[in-house]
Amino acid sequence: MADEPLVLGIETSCDETGVGIVRGHTLLADAVASSVDEHARFGGVVPEVASRAHLEAMVPTIQRALKEAGVAPGDLDGIAVTAGPGLAGALLVGVSAAKAYAYALGKPLYGVNHLASHIAVDQLEHGPLPEPTMALLVSGGHSSLLLAPDITSDVRPLGSTIDDAAGEAFDKVARVLNLGFPGGPVIDRMARDGDPDAIAFPRGLTGPRDAAYDFSFSGLKTAVARWIEAKRNAGEDVPVADVSASFQEAVVDVLTRKAVRACRDNGVDHLMIGGGVAANSRLRALAERRCEDAGITLRVPRPKLCTDNGAMVAALGAEMVARGRSVSAWDLSADSSLPVTEPHVPGGEPAEAERGHGDTHPPARSHTHSHSHSHTHSHDHVHELSKGNLYS
131 MADEPLVLGI
141 ETSCDETGVG
151 IVRGHTLLAD
161 AVASSVDEHA
171 RFGGVVPEVA
181 SRAHLEAMVP
191 TIQRALKEAG
201 VAPGDLDGIA
211 VTAGPGLAGA
221 LLVGVSAAKA
231 YAYALGKPLY
241 GVNHLASHIA
251 VDQLEHGPLP
261 EPTMALLVSG
271 GHSSLLLAPD
281 ITSDVRPLGS
291 TIDDAAGEAF
301 DKVARVLNLG
311 FPGGPVIDRM
321 ARDGDPDAIA
331 FPRGLTGPRD
341 AAYDFSFSGL
351 KTAVARWIEA
361 KRNAGEDVPV
371 ADVSASFQEA
381 VVDVLTRKAV
391 RACRDNGVDH
401 LMIGGGVAAN
411 SRLRALAERR
421 CEDAGITLRV
431 PRPKLCTDNG
441 AMVAALGAEM
451 VARGRSVSAW
461 DLSADSSLPV
471 TEPHVPGGEP
481 AEAERGHGDT
491 HPPARSHTHS
501 HSHSHTHSHD
511 HVHELSKGNL
521 YS
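Last residue of the sequence shown? That's 522 in our numbering, and every number before it is there in order.
Check the hints yourself; a few may be wrong.
Stated by the list, open to error - Restraint ranges, calculated between C-beta atoms of paired labels, are given here:
(1) Val189 / Asp395: 43 to 51 angstroms
(2) Glu418 / Asp133: 33 to 41 angstroms
(3) Pro287 / Ala424: 20 to 28 angstroms
(4) Thr352 / Glu422: 29 to 37 angstroms
(5) Ala218 / Pro279: 27 to 35 angstroms
(6) Pro190 / Asp395: 40 to 48 angstroms
To be verified - Once the Cα atoms are required to be at most 20 angstroms apart in a straight line, the calculated SDA-like pairs of lysine to any residue come out as:
(7) Lys434 / Glu255
(8) Lys434 / Glu198
(9) Lys434 / Ser411
(10) Lys197 / Ser164
(11) Lys434 / Val316
(12) Lys361 / Asp327
(13) Lys434 / Arg414
(14) Lys197 / Ala234
(15) Lys434 / Asp167
(16) Lys434 / Ser164
(17) Lys434 / His155
(18) Lys361 / Met320
(19) Lys361 / Asp372
(20) Lys361 / Ala328
(21) Lys434 / Asp318
(22) Lys434 / His256
(23) Lys361 / Ala371
(24) Lys197 / Thr156
(25) Lys434 / Val162
(26) Lys361 / Ala330
(27) Lys361 / Asn308
(28) Lys197 / Glu186
(29) Lys361 / Val306
(30) Lys197 / Val162
Since the hints were made in silico from the structure, they are not lab data.
We put the CB at the ideal spot given by N, CA and C, even for glycine.
The task is simple: from the sequences and hints, build the whole structure.
Encoded structure:
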C-alpha cells in the first residue's frame with residue numbers, strides 16, 4: 131500500500147466543496163463543505179453563491195482532509211481537481227486552488243473530468259473496475275450511459291438526457307409539491323408511504339422508434355405538474371405520497387431498463403451506477419432486481435460517495451498517476467462543458483508515475499501564446515511566499 135500513489139482531490143463543480151485523499155484504491159479522507167442550505171431559499175443552486183461558498187470553504191476543508199488522513203502536504207504524490215463539466219465560476223475556484231497547492235508543493239497536477247470521477251469512485255468501494263465498465267450516471271445535471279474501456283483515457287458516451295436530467299426533474303416535482311430543495315431525498319422519503327402504481331405517469335423515449343439509450347424527463351415533469359394542478363383546481367387534496375411514488379417509479383423504471391439494455395447490447399456483464407440520484411433507494415432496489423434477472427453484476431457506491439465529493443476526484447487522479455498519464459499544464463483552465471470523452475486534461479509532459487511518483491517536479495509550465503513573446507519570467511518569489519502562507 132505504501133507504494134501506491136497518494137493523491138488529494140478537489141471537487142467544486144456545483145454547490146459542494148469536496149476534498150478527498152486516497153492512496154491507490156483506499157480512501158483516507160473525505161471532507162465536504164456543502165452550501166445547499168444557502169441555495170434552498172432560492173429553490174435551486176445560484177452560481178455566484180456557490181462560487182463564494184467555495185472560496186470561504188476551500189482552505190479549511192483541505193486542512194480538515196489532511197488532518198483526517200493523517201498525512202502532511204509534502205507526502206502527496208499529486209493533486210487532482212475537477213476541471214469540468216460544471217458551473218464555470220465554481221470550477222474556477224477549485225482549479226485555482228489546486229494549481230496554487232501544486233505549485234507551492236512542487237507536485238504534479240491533474241485536471242480531471244467530473245463524470246469520469248463519478249465512475250472511478252466505485253474503486254474505493256468495490257476494488258478495480260472491470261474493463262470495460264458500463265456506467266449509468268444520474269444527477270441534477272446529468273443522466274448518461276457511458277461505456278468505459280479505460281477510465282483514464284477511453285470513455286464513450288452511449289446516451290444522455292435530451293432535456294431535464296433525472297435529478298433536475300426530482301427538484302422540479304418537489305417544488306410543485308411544496309416539498310423544498312433539494313427534491314431527491316424528500317421524494318424518496320415520501321414515496322415509501324405511497325403506491326408506485328397509483329398514477330400512470332409517462333415513460334419518456336421508450337417507444338420502438340426512440341433513441342435506445344437517451345433519456346427525457348421534461349415530459350414526465352410536465353405531466354406530474356398538470357396532474358397536481360388538476361387536483362388542486364378541482365378542490366381535491368393532492369396525495370403527495372402516491373404522486374411521489376408514481377413519479378419516482380417512472381424515473382427509475384426508464385433508467386434501469388435502458389441501462390440493462392445497454393449492457394446486453396454491448397456484451398458487458400457489469401453495471402456501475404453513480405451520481406447523486408444513485409443514492410435513491412428505489413433506484414438501487416429496482417436496478418439490483420433487474421441486473422440479477424439479466425445476469426449482470428451491479429456496483430453502486432455507498433450513498434455518500436454517490437453525491438459530489440473530493441474522494442471521487444482523488445480516486446481518478448490516483449488512477450492517472452498509477453497508469454502514467456500525462457500531467458496537466460499550468461495553463462489548465464475550468465471548462466464548464468468538458469466532454470466526457472476527455473477523462474482528463476493533459477499538458478503533454480510525462481506523468482510522474484513514469485519517473486517514479488515520488489518526484490517533486492511540478493507540472494509543465496507551458497504558456498505558449500500567439501503573441502511575439504512568451505511568459506518566461508521567474509515566479510520563484512511567489513513559490514516561496516505560497517509555501518509560507520499555506521503551511522506556516
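Okay, the hints, checked on the actual structure:
| no. | hint | result |
| --- | --- | --- |
| 1 | Val189 / Asp395: 43 to 51 angstroms | 47 angstroms, holds |
| 2 | Glu418 / Asp133: 33 to 41 angstroms | 36 angstroms, holds |
| 3 | Pro287 / Ala424: 20 to 28 angstroms | 22 angstroms, holds |
| 4 | Thr352 / Glu422: 29 to 37 angstroms | 34 angstroms, holds |
| 5 | Ala218 / Pro279: 27 to 35 angstroms | 30 angstroms, holds |
| 6 | Pro190 / Asp395: 40 to 48 angstroms | 47 angstroms, holds |
| 7 | Lys434 / Glu255 | 11 angstroms, holds |
| 8 | Lys434 / Glu198 | 17 angstroms, holds |
| 9 | Lys434 / Ser411 | 13 angstroms, holds |
| 10 | Lys197 / Ser164 | 19 angstroms, holds |
| 11 | Lys434 / Val316 | 16 angstroms, holds |
| 12 | Lys361 / Asp327 | 18 angstroms, holds |
| 13 | Lys434 / Arg414 | 14 angstroms, holds |
| 14 | Lys197 / Ala234 | 19 angstroms, holds |
| 15 | Lys434 / Asp167 | 18 angstroms, holds |
| 16 | Lys434 / Ser164 | 13 angstroms, holds |
| 17 | Lys434 / His155 | 16 angstroms, holds |
| 18 | Lys361 / Met320 | 19 angstroms, holds |
| 19 | Lys361 / Asp372 | 13 angstroms, holds |
| 20 | Lys361 / Ala328 | 14 angstroms, holds |
| 21 | Lys434 / Asp318 | 16 angstroms, holds |
| 22 | Lys434 / His256 | 15 angstroms, holds |
| 23 | Lys361 / Ala371 | 14 angstroms, holds |
| 24 | Lys197 / Thr156 | 16 angstroms, holds |
| 25 | Lys434 / Val162 | 10 angstroms, holds |
| 26 | Lys361 / Ala330 | 15 angstroms, holds |
| 27 | Lys361 / Asn308 | 15 angstroms, holds |
| 28 | Lys197 / Glu186 | 19 angstroms, holds |
| 29 | Lys361 / Val306 | 12 angstroms, holds |
| 30 | Lys197 / Val162 | 14 angstroms, holds |
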